Amino acid sequence: MRETAVRRLRKALVCVLAGCLFALGACAEPAGQASAPPSASSEATESGASQSATASSAVEDVTPPEEEPLPDAASLPAETVLSPEDVERYGIAALFTVQPIPDAVFARMEGVTFPADCPVARDELRYLRVLHVDAQGQVKVGEMVANAAIADDLCTIFRELYEAAYPIERMRLADDYGGDDEASMRDNNTSAFNCRPIEGTGEQSRHSYGMAVDINTLYNPYVLASEGIVLPETAGAYVDRTVSGPYTICAGDLCCQLFAEHGFAWGGDWMEPKDYQHFEK
1 MRETAVRRLR KALVCVLAGC LFALGACAEP AGQASAPPSA SSEATESGAS
51 QSATASSAVE DVTPPEEEPL PDAASLPAET VLSPEDVERY GIAALFTVQP
101 IPDAVFARME GVTFPADCPV ARDELRYLRV LHVDAQGQVK VGEMVANAAI
151 ADDLCTIFRE LYEAAYPIER MRLADDYGGD DEASMRDNNT SAFNCRPIEG
201 TGEQSRHSYG MAVDINTLYN PYVLASEGIV LPETAGAYVD RTVSGPYTIC
251 AGDLCCQLFA EHGFAWGGDW MEPKDYQHFE K
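At position 16 of the sequence shown (counting the first as 1) the number is 16 in our numbering, and the numbers step up by one without a gap.
Watch out, some of these pointers could steer you wrong.
For each label pair, taking beta carbons as the anchor points, the in silico distance ranges come out as [as the list claims (entries may be wrong)]:
(1) 234 x 69: 36 to 44 angstroms
(2) 227 x 156: 34 to 42 angstroms
(3) 156 x 77: 17 to 25 angstroms
(4) 136 x 204: 35 to 43 angstroms
(5) 68 x 183: 31 to 39 angstroms
(6) 260 x 77: 30 to 38 angstroms
(7) 97 x 137: 39 to 47 angstroms
(8) 180 x 262: 22 to 30 angstroms
(9) 245 x 68: 32 to 40 angstroms
(10) 248 x 227: 20 to 28 angstroms
(11) 227 x 262: 28 to 36 angstroms
Think of the hints as simulated: they come from the structure by calculation, not from any bench.
Note that the coordinates shown come from a computational prediction; the quantities given were computed from them, not determined experimentally.
Each residue gets a CB set at the ideal place from its N, CA and C atoms; glycine is no exception.
Let the hints inform the model, and build the full structure from the sequences given.
Here is the structure:
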């Protein structure tokens, strides 16, 4: 009986000792075992650092794209709208030019505004390219044919009008309207050369020699009051000169001042007819 109790005591001590050794083993990391995975905050920090490094590398590696080359200034059609950046890239000198009539331009004119019996020769005329600003503030390309005797004056005048943002809606050759002066005026077009007679006469207009310019033609009509004639015929609302709009030419305004300084007469100063669009030399 005593021997049995002793054996039981020994067995109990062995179990207690085994339990203690197991507990100690659980608290110690076995040799060669991998360390615990990093915490979530550690992972986020490492990920953020990696993304930052990648972004930094991308900024360093990206080079600004080269600007696309602009079309040749001489190839821009009338009424092309240019941004301030375009104007700066071209340079003003490239956008205000006077030259002999190019073959491509003369091909548009021949038989239209330049008939076989035209009183001036081709080499007496010049082709102008200028900029102008419309009433909405858009910068547009304009073109005009005029006599060589006034071409430089016109280029200077239109440059000053452009720099002052004096509104001119459009500036195209009358050939774009088939030489039809009425159609050109109804479209408020500004133009110069057009070989045609003075309205109601057989006498050649100063436009036939390229020595006259009509500006903002719809809003500044030709008025022969004694005969009830208004040209263009759609301009009746603009005969009353006490009512002005953005394209109205007024006595003493910048347009009149500049043309007067360069020796032009204004049709708005005539007794009759009144030709508010017309400047001639």
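Here's how the hints hold up against the structure:
Restraint check, residue 234 to residue 69: a C-beta distance of roughly 42 angstroms satisfies the suggested window 36 to 44 angstroms. For the pair residue 227 and residue 156, the supplied restraint of 34 to 42 angstroms holds, since their beta-carbon distance comes to about 37 angstroms. Range check, residue 156 to residue 77: about 24 angstroms between beta-carbon atoms, so the 17 to 25 angstroms window is met. Hint check: residue 136 to residue 204, Cβ distance near 37 angstroms, so the stated range 35 to 43 angstroms holds.
Judged by the Cβ atoms, the range 31 to 39 angstroms given for residue 68 and residue 183 holds: they are separated by roughly 36 angstroms. With their beta carbons about 32 angstroms apart, residue 260 and residue 77 fall inside the hinted range of 30 to 38 angstroms. In this structure the supplied range 39 to 47 angstroms is violated for residue 97 paired with residue 137, their Cβ-Cβ distance being about 23 angstroms. Between residue 180 and residue 262 the beta carbons are some 29 angstroms apart, a value that agrees with the proposed interval 22 to 30 angstroms.
Taking the beta carbon of each, residue 245 and residue 68 are about 38 angstroms apart, inside 32 to 40 angstroms as hinted. In this structure, residue 248 and residue 227 meet the distance hint of 20 to 28 angstroms, their C-beta atoms being roughly 23 angstroms apart. At about 32 angstroms, the beta-carbon gap between residue 227 and residue 262 stays in the expected band of 28 to 36 angstroms.
The structure fails hint 7 only (numbered hints given earlier).
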